[in-house]
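Working from the sequences, and respecting the hints, build out all of it.
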Amino acid sequence: MFRKILIANRGEVAIRILRACREMGIPSVAVYSEADRNALHVRLADQAFLLGPASPLESYLSIPRLMVVARLSGADAIHPGYGFLSENPNLARTCQEEGITFIGPTAEVLEKAGNKVEARRLMKEAGLLIIPGTLDGLAGEDEAFQVAGELGYPVLLKAAAGGGGKGMRIVHDASEMRPAIRTARNEAEMAFGDSTLYVEKLISRARHIEMQILADAQGNMVYLGERECSIQRRHQKLVEEAPSPVMGPEDRRTLGETVLRAARAIGYVGAGTFEFLRDQEGHFYFLEVNPRLQVEHPVTEMVTGIDIVKEQIRLAAGEPLRFKQEDIQVKGWAIECRLYAEDPENIFMPSPGTIWAMVEPSGPGVRVESSAFVGLSIPTYYDPLLSKVVVWAETREEAINRMRRALQEYYIMGVNTTAPFHRFVMEDAAFLSGDFDTGFIYREWGEKTHRRERIKVLAALAAALVASQKGLPSTGARLRLQAAQESGWKSHGRRAMLRAY
Amino acid sequence: MFRKILIANRGEVAIRILRACREMGIPSVAVYSEADRNALHVRLADQAFLLGPASPLESYLSIPRLMVVARLSGADAIHPGYGFLSENPNLARTCQEEGITFIGPTAEVLEKAGNKVEARRLMKEAGLLIIPGTLDGLAGEDEAFQVAGELGYPVLLKAAAGGGGKGMRIVHDASEMRPAIRTARNEAEMAFGDSTLYVEKLISRARHIEMQILADAQGNMVYLGERECSIQRRHQKLVEEAPSPVMGPEDRRTLGETVLRAARAIGYVGAGTFEFLRDQEGHFYFLEVNPRLQVEHPVTEMVTGIDIVKEQIRLAAGEPLRFKQEDIQVKGWAIECRLYAEDPENIFMPSPGTIWAMVEPSGPGVRVESSAFVGLSIPTYYDPLLSKVVVWAETREEAINRMRRALQEYYIMGVNTTAPFHRFVMEDAAFLSGDFDTGFIYREWGEKTHRRERIKVLAALAAALVASQKGLPSTGARLRLQAAQESGWKSHGRRAMLRAY
Amino acid sequence: MKFLVEIEGRSFEVEVQNTFVRASVDGEHYSIDMRSVDGHCLYSLIVDNCPYDAFVEEKDGGYSVTIQGEQFEVEIKDPKSARLAMMTRKPEVPGAELPIKSPLPGLVVAVEAEPGRAVKKGQVLVVLEAMKMENDLSAPRDGIVREVKAAVGEKVEKGQVLLTLE
Amino acid sequence: MKFLVEIEGRSFEVEVQNTFVRASVDGEHYSIDMRSVDGHCLYSLIVDNCPYDAFVEEKDGGYSVTIQGEQFEVEIKDPKSARLAMMTRKPEVPGAELPIKSPLPGLVVAVEAEPGRAVKKGQVLVVLEAMKMENDLSAPRDGIVREVKAAVGEKVEKGQVLLTLE
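Protein chains in written order, with this note's numbering: chain Y, 1 to 501; chain S, 1001 to 1501; chain U, 2001 to 2166; chain L, 3001 to 3166.
Source of the hints: derived by calculation from the structure; they are not laboratory data. Note that beta-carbon positions come from the ideal geometry of N, C-alpha and C, so glycine has one too. A portion of the hints provided could be inaccurate.
Claimed, not checked - These stretches of chain S come out as covered by chain U in the derived footprint (C-beta under 8 Å, 3 or more residues):
#1 1039-1045
#2 1371-1384
Claimed, not checked - Calculated cross-link-like contacts (lysine-lysine; reagent style DSSO-like; alpha-carbon spacing at most 30 Å):
#3 L:K3120 - L:K3149
#4 S:K1331 - Y:K310
#5 L:K3120 - S:K1201
#6 U:K2002 - U:K2077
#7 Y:K201 - U:K2120
Printed below as a string of C-alpha cells:
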C-alpha cells in the first residue's frame, strides 16, 4: 500500500479522498491555491502545500508544481479527484516517469476516453450504439451547418475534450449556430485547452443513465449498477439516484455486461463510468467514458456498500478486486442533491459570498459531503459546488421523504444555493412518479409556482417583532449580541398553556 | 397508521423520533419545558407545546400535562423515547384510557420489566441465568450486610425501579455499605420515585452484552443481534458496538433464541432489549429488560439496515413484522460514541456552559444524532447527553479508523465533552484488541498518559502569534471581529514554496 | 405598536401587543413566542404552536428575513410615515428605463447589444464569465437598448449596470 | 518580538519574526502560516506544512487555546516583566491551605467532613447533586479539614469554596 497520497484537487472531493486515506491509515497531502488557504481540505489534511496563485493554470492544473510537492512531501501516489487534471494523460505519464502511482487508468486509456470523437469511434467498434452525428471534429462552421441540416435540428455541439457539461450547447435552429459555436469553443479552450467541437443529434426526452465499473490489473471486472442523472442544468447534473426508476435487474445486467465488454476492449483498469442517453424506446446511446471518480459516486456506494474511493486506491496499488459480480447487490435506494453556490431563481447563476451561519443535516441514512464552513468566501475561480446531500432508504419513496427532511434541516446563510430547487424537486409530481428526463428543469422548474406567499406572512411577523424590540432600524446597523435566554418577548402561548392545566 | 405522534421527550432522542415521523409522513408534536424553549427538538418539530417549568416532575414527567397536549394537538399516539416516562406503566395505562396509542409494550409488560426484583424472578423461571443476590427488595440495612456477607464483597446495590445506572453503587467492603445505601436510595427516589434496593454479587471482569428484539402483536418475534456496551462510567454506557468482539454467529443464535423464549414468556410486544453480563467463562447472566428504545440502538440499525424507530411505530400501529429471522443479516461493524457535556479529566463531572462554536463530522459511514447547536446552554436539569457519533464500516478495524476520523473532525466549543475520552479509547490497545470489560475506564483511562505535551508547543505558538498581532492582551477583552481574508500574517511557507518553482 | 411591513410589493399591517405577544397581520391574529437562539441573527418563532427558524438581518435600513430557505427583503414603516410615503411616491411609469445589472462579479466576454437596437424578451444581451462558466444575461422584457455601459474584457462588480433598456 | 509563554507551569520562549512568520520555541524553529477562519476565534495554522485548527480566546488577561480537543490556559509575558514576576513570586508552601471548590453548580446533599477531622486522599467530603446525578467530591490529598463552608441543602455556584483542607 502507498506511504503517502497527494490529493491533486480541492473542495468536497479532496475531503472525500483524504477521509478515505485517513480511514485506511495512509497520510494525505493537500495542495491549495492562494484562494483556498482556509479551505477545509487544507485544514483537514495531514500535510498541506501551497501550489500557487488562484488561477487554476498556475495551481491545480500545474503538473510541474504538483511534482515539486510530491517530491517535497514524499508522496508515492497522486489522486486527481474529478475535474482539473483527473483525465489528463500528461499527468498520468509524468507520474509514471517520476515513479509515482497515478490513481486512475493508464495514460493510454485516458487518451482514448478523453477524446470524445475518438471514444465514439472505439465504442461503436466495441458494439455500443452511438448518437448519430460527426465522427470527427468539426473542420469549421460550414460543416456544422451541413451536418445539422442532415441530422435535423435540434442538435448538440460538444467539446471533443469535454466533460462536466463545459463546451456544450444545444442549437435549436440555424440562427443559433454561430454564437453557440463561439461560446462552446471558448469554454472548451478555457476548460481543457482544446477547442475541437463535434455535432450530435439531440435525443428528445432522453434520460441520462450511467454505469459504474471497477477493474483490476489482473483482468477482473465488475459493474456496480447504474445511476440515474437526468436532472441537469447546463448539462451538469444536480440530482442523481441509484438505481434508476426505469431499470430492473434484467436491464442492469444487460447494460452492465455490455459495458464490461467495451471496457475490456480498451484495456480499462481502475474505477470508471460509462455514460448513456436512454431514449423513450429504451435504447442506450453511448455518451462518454469518465475515466475517474464521479461527483455522484456516493449513490452507488450507498446501495452497494462498496467504498469506491478506497477500492480505487487498492486497485491503483495493484491489489486484485476483493469481490466478484455475484457478490454485488443493489439494496434500497439512494439519492444525491448537489448544493451549488448558485441562484436557482436566477437561471442558476453562480452566487458568490461569504458563509456566516450554517447547519448541515445528519441522522439516520443521511450523508453530507461538504466543503462548506462558517467563514468560507466562495472563490470565483472554481466550480461553485459546496456540498452534496446523499440519503439512503429502503425504498425510493422513503428516500425522497428522507431527502426532504434533510433539506429542511440544511441551511447556509450568506450565499444563494440550489437548496430551494432541490426542495422543489422532492415535491414535484414528475420526479415522484419517476417519469422525467433531461428536460426536467426547463419544464418543471420553469413552471414552478412559489410557496413564498405562505411564508411571507411569517417573514412580516418576524421582522415586526425584531423591530418592536428595538424601535425602527437605522440604516446598516447590526443586531446587538443578546443572550439567547434573555429574550424580552413574553409568550402568550406559554401563559395560555400554563393556564390550561 | 397514526395521524400525529406526540414525542414525550427531549434532546437527541426526540429529534431521532421526529425525523422518523417526518420520513414516514406523520406530523410530530414536540413538548418542552421552559429550560428547553430553544432546543432543537422544539425547532424541528411540526408543532411544539410548552409543558411547564424546567423541573422534570412539572414537565417531562407530568402525565396530566402530556394528556392536555395530546388533546390540544390531536395526537393519536405517544412515543416516550428513553428515560423519563418511557418505562412508566401509568403513562401506558392512561394512554389506553384516553384512546391514545402508547408506542411501547403494554402496561402489564412494563410492570413486569420495570420492577427489577420481579423481572429477575420471572426470567429465572423463563430459564435465564441470574446473578446471585436477593430475590426481593431489601428490608433494611441489616439485610444488606447479611446478604453481602454471604455473597462475598464486592457487591452491587441496585434500584428495583432502576435504569441508566441511576441508584446503583458498588460496595467494595462493609465500611462502604451505609453511605452507598443512602446515595443509591436518594438517586432512586429522585429518578424513579421508588427507593427500593436489592443486592447482587459483583461479577468481575464482566462484559455488558445486550440483545435487541422486535415483536408484533400477532406473535412474531425476531432478534436483531447483540450490542457490546462494556465501556461505562457510573454504570452508564459511553461506547457501544455491534456485533460484540466476543460473539460469533453461533453465540448470537443461541443467545437470540434464549431471549425470544423469555420475551414470549412475558408476552412482549414492540421493540425491546435484554441486557446481560457475560463472565469470563462465557456465561450470560440476565441483568434487565429495557422495554423501550435504547440510546445505543443505532449500532444495530447500521449493521442490520433496519430502522428500529420506524419499526417500533409500525408495530405500535398493529402492523405485523415485515421480516422473518432468516431475513436478518448482521453486516459489517458499527460503533457509537456518546458525547456528554461532562469533563472526562474530572471524573466525568457534568460540565455546564453555552456552545459558541461547533462543527459536526459527516461523510461516508458517519451518522451523528445530535441535539447540539450554537447558542445551546446545557440545562442542568437533565441528562447531559449532547450527541452520539455512529460509524459503520466493513470491519471493526475500519470502523475504529472511521470513528477516529470523525472524532478528529468534531469540535464543540464552550463546554467540556467526553470527546477526548473517546479519542483515547479509539487508540487504546485493550479496546483495539477487543479484550476489555466493564472495568475499562477505571483501568485504562485512569492510566492514561497525556498527549498534551506534544500539542502544548502549538498552543504556545498560536497564542504568541495572536499576541504579536495585537500587543499584549488586556484583561477580559474579546477578540475583535476581523475579516477572515485579511490576515496580517505573511506566510514564510508560502514564499518559500513559490521560490521553489 | 403598529407596523406597516412591505415585502415584495405586498403590504401587511402588523400590530404587536407587547404584554402577550399577540400579533395581527391584516386582521388575522397570531400567538407568537420568539427568541434569539445564537445571540446573532437566528431566531426561533413558535406561531400558534408551529415552530420556525428565522434569520433576521438588518440591511439597508430594513430587514432581510430568511425562513425555510426563502429570503425576503422587508421594509418596516410606522403607519404615519407610510401614509406619507404613499402620497409622495412617484407613480411607476410602465415602460420606463430598465437597468440591466450584473448579478455577479465577472468578466464581460461578449456584448450582443447596440444602442437603439430593439431586443426581444429572452434575447442574450451580455455574456459574463464567472466561476469557470459563461453566463448569458438575457433581456427581461422586450425593449430598445438605450445605453451600453460595459465593454468586452471589462471586469464588472455585482450590481454594476451593464446596459439600460427603454 | 519575543514572548515568554506559560502553559501549565511550563515556559516557552517564542520569538516571532514578522516579515516571514518564522517562530522559534526554546530555540527550535518553525515556519508558520496562521489565518483567521471565521473572523472570531477560529484560526488555521500551517506549521511546517502540517495544518491545525486552533481556537484562541482572550480570557482573564491571557489566552485560552484549544487544539485537537485539548484546551490550554496560556499566559504571555514579555521577558522583562516575566523576570520581574519570577523574582516577586511567592514560593509555594507545600501543605498550605487547600480550598475544595465546587466544580459545577448544584445542590449540596451531604457533607461528610467536620473541622479538625483528618481525611485520607480519595475520601468523599461533599456530595453534590447536579444534572440528575449525585457527584462525590473527594479529598485530593491527605489532610485535616480546616473550615466547612457549605451546608446540606445549599445551592452552590461553580468555583464556590465548599471547605478548606490544611
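Q) Given as covered by chain U, does the stretch 1371-1384 of chain S meet the bar of three residues or more with CB within less than 8 Å? A) Holds, because 3 residues of the stretch 1371-1384 of chain S bring their Cβ atoms closer than 8 Å to Cβ atoms of chain U.
(Q) Please verify the coverage claim for the stretch 1039-1045 of chain S: does it have three or more residues whose C-beta sits within 8 Å of some C-beta in chain U? (A) holds (count 4)
Q) Holds or violated: S:K1331 with Y:K310, Cα cutoff 30 Å? A) holds (18 Å)
Q) Straight-line Cα separation of Y:K201 and U:K2120 no greater than 30 Å? A) holds (28 Å)
Q. Is L:K3120 within 30 Å of L:K3149, Cα to Cα?
A. holds (19 Å)
Q: Decide if the proposed pair is consistent with the structure: U:K2002 and U:K2077, CA atoms, cutoff 30 Å inclusive.
A: holds (9 Å)
Q) Taken at face value, is the distance from the CA of S:K1201 to the CA of L:K3120 at most 30 Å? A) Judged against 30 Å, a Cα distance of about 28 Å means the pair holds.
The structure is consistent with each of the numbered hints, conforming to all of them.
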